[in-house]
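From first to last, the protein sequence lines are chains A and B.
According to the numbering used here, the first sequence is numbered sequentially starting from 1.
According to the numbering used here, the second sequence is numbered sequentially starting from 1.
Derived by calculation from the structure, the hints in this document are not laboratory data.
Certain hints may be false.
Covered stretches of chain A (in silico footprint by chain B; criterion: 3 or more residues with CB under 8 Å from a CB of chain B, positions within the stretch not fixed) [to be verified]:
1. 47-55
2. 73-81
3. 99-107
A virtual CB, placed ideally from N, CA and C, is assigned to each residue, including glycine.
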Amino acid sequence: MSPRRGSSQLLLGFVLLAGLHFYVRPRLWDSRAAPDFLLLALMLVAIRARPGVAALAGFIVGLVNDVLTPASFGAGALAHTVVGYLAAWGRAVFFPDNLLVNAGLFAGGVMLRNTLMLLASGTPAGQLSAGLLVWAPLQALTTAVAGTVILLLFRNWFAIRIEV
Amino acid sequence: MNRAPGRATSRSDTLLFLGCLVLSGGAIALPERWSYALANGVRETALRPVLWLQQRAVEGRTSRSRFQALQAERDSAVFAAQSLTELAVENERLRALLALRGRTAVATIPAEVLHQAAPTDGRTLLLGMGSASGARVGDPVISPEGLVGVLLSVGGKSTVAMSWAHPDFRVSAATEDGTVLGIVAPSVNTEASETFLEFRGVAYRDTVATGTLVLTSGLGGVYPRGIPIGRVAGVRKEELGWERIYRLAPLANPGHLAHVLVLRVPAPAESLP
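Here chain A stands alone, though its shape is the one from the complex (with noise of 0.2 Å):
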């Protein structure tokens, strides 16, 4: 494949993500336990990236999140800018071929973003346990099974090998 090719098929690949964030997911499940395409989005940047384009990666996607919910302005920020960074970490410990252990980077990565930005935003207690406890893990899940679906039918696209 032309390095031409890969990356306009990268571009297209991030443009169907966030046609899924912003078209599909509103249109068909518009709920706080519905997965986030654009952590998602953020997690293929990391798995990809050097840890501090990827702490980049997450700040813009984390200022994105806070323009839309301004519940406490910087809150995504610093929490997608840590997630972005650890990722790209974690990738080079862990597996980085297993299509379970990426699922399991989704998971975790929702669940550390959901944790921070509610810790961040100063969230009273009862909605920070309900957060956490209960929104949080069925928004990992979701998001996990997205991106499975997503790397078995665009691995090429993002340019990532997976062992199936």
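Could you slot chain B onto chain A? The hints should help.
What follows is chain B alone, placed relative to chain A:
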């Protein structure tokens, strides 16, 4: 974009990471006025296409169910309107007898709720309407069930509302019969999976029965009188001798709303004849 680990890249990665953390900390420390203005600016420019896409998706999803709901509501409204003319005439006659001013007309602006994936969604709601609709900061937001919140920032094409789940939310409230007054605020310490409001500042001598409907009192000038907020679900705390705090089960759930109405209450100068 392929990774090439090494000491030099590790240092640059760490610096980039720390830089992003510092910028995030700076964003958290921004005064609310600036952060709302910044968020509004980005929504109106860079994120405008994706918000337009999301609004079309929400409209598409809800148009069929909304049509059916509207049909049902129209039938009920036609039935209720049959006696409305007679009531309006009677009301006007009584007001004239008591030398009262005419009722303040409240206009409503419908808006779609654009839910986001962030865990803090529900504390603030992004609405698919802008300043062209006539909405202003401070206008109340309601749903058919009851009070949802108040507008925080109004942009050209999108608007942010603070819901009752936001820690800063407060509203002056009264029981349905108007005898007990207090302040409603989100509950700080609730059990897991419980989301309650608190009806605070109720005098110790006043007792409110479980199940009592609590409405906005109209005091303070932000929320008009009579919007349902929630039902009393028991005593949360007693400050012996001077105050009781009641738990209030909210009627509207910001996390599940697809549509809301923004109340356009005329300013005092506008409502005067």
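The hints, checked one at a time:
A count of 7 residues in the segment 47-55 of chain A with a Cβ less than 8 Å from any Cβ of chain B is obtained; the coverage claim is therefore met, three being the minimum. Counting residues of the segment 73-81 of chain A whose C-beta lies closer than 8 Å to any C-beta of chain B gives 7; at least three are required, and the coverage claim holds. Check on the segment 99-107 of chain A: 0 of its residues sit with their Cβ under 8 Å from a Cβ of chain B, so the three-residue criterion for coverage is violated.
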